[in-house]
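Student: Sequence:
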Amino acid sequence: MAGLKIKAAKIRCHGDYHLGQVLAAQNGFAIIDFEGEPRRSLADRRHKQTPLKDVAGMLRSIDYAAAVALRTAADLPSLDRPSLAKFCADWRDRSVAAFFDGYRTAIDGAACWPTGPAAGKLLDLMLMEKVLYEIGYELANRPAWLSIPVQGLLDLLMETGHGDPT
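Once you know that position 101 of the sequence shown is 101 in the working numbering, the rest is easy, because the numbers rise by one and skip nothing.
Just so you know, these hints were derived from the structure itself, not from any lab.
Even for Gly, the Cβ is constructed at its ideal location relative to N, Cα and C.
No false leads were mixed into what you were given.
In silico BS3-like cross-links for lysine-lysine, where the CA-CA straight-line distance does not exceed 27 Å:
hint: 1; residue 1: LYS121; residue 2: LYS48
hint: 2; residue 1: LYS121; residue 2: LYS5
hint: 3; residue 1: LYS121; residue 2: LYS10
hint: 4; residue 1: LYS7; residue 2: LYS48
hint: 5; residue 1: LYS10; residue 2: LYS48
hint: 6; residue 1: LYS48; residue 2: LYS5
hint: 7; residue 1: LYS7; residue 2: LYS121
Computed beta-carbon distance windows for the label pairs:
hint: 8; residue 1: LEU23; residue 2: TRP91; range: 15 to 25 Å
hint: 9; residue 1: ASP75; residue 2: ARG46; range: 42 to 52 Å
hint: 10; residue 1: ARG104; residue 2: MET158; range: 16 to 26 Å
hint: 11; residue 1: VAL22; residue 2: LYS121; range: 20 to 30 Å
Using the sequences and the hints, build the whole thing.
Tutor: This is the structure in structure tokens:
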């Protein structure tokens, strides 16, 4: 990323954007809790940054939802775990694509949205930052859930070509 030129304005982002911050309201949705990530200082939360930070937060949240659904259902009797895992992965992939496509369509042409290869690389960086934050959070608060962000990290490393499955 150090040598990559990114042409995009920074904006004030939500900072803690995930499924728990979105409420269904009549014919749409309402986004709540704009105070940002509670573990960061107020000064840090006020810094302007790329909207891809919020996009990464939502993409990771969708991944968490699928992982928690699979984990929760694992204790059910007569569960066909491979079929459920496939269903959860398919739901996750479709939900991620729908969110990303919708967000990108809505923000198209905005000065804050990076273009070209910078957009994908910056999203990868924001996803990496988010998953590393999640690992620290789970270690401190829910060690039993640590496997979710660790799997997310492994998936991200494989997708970006920085991992070796062997």
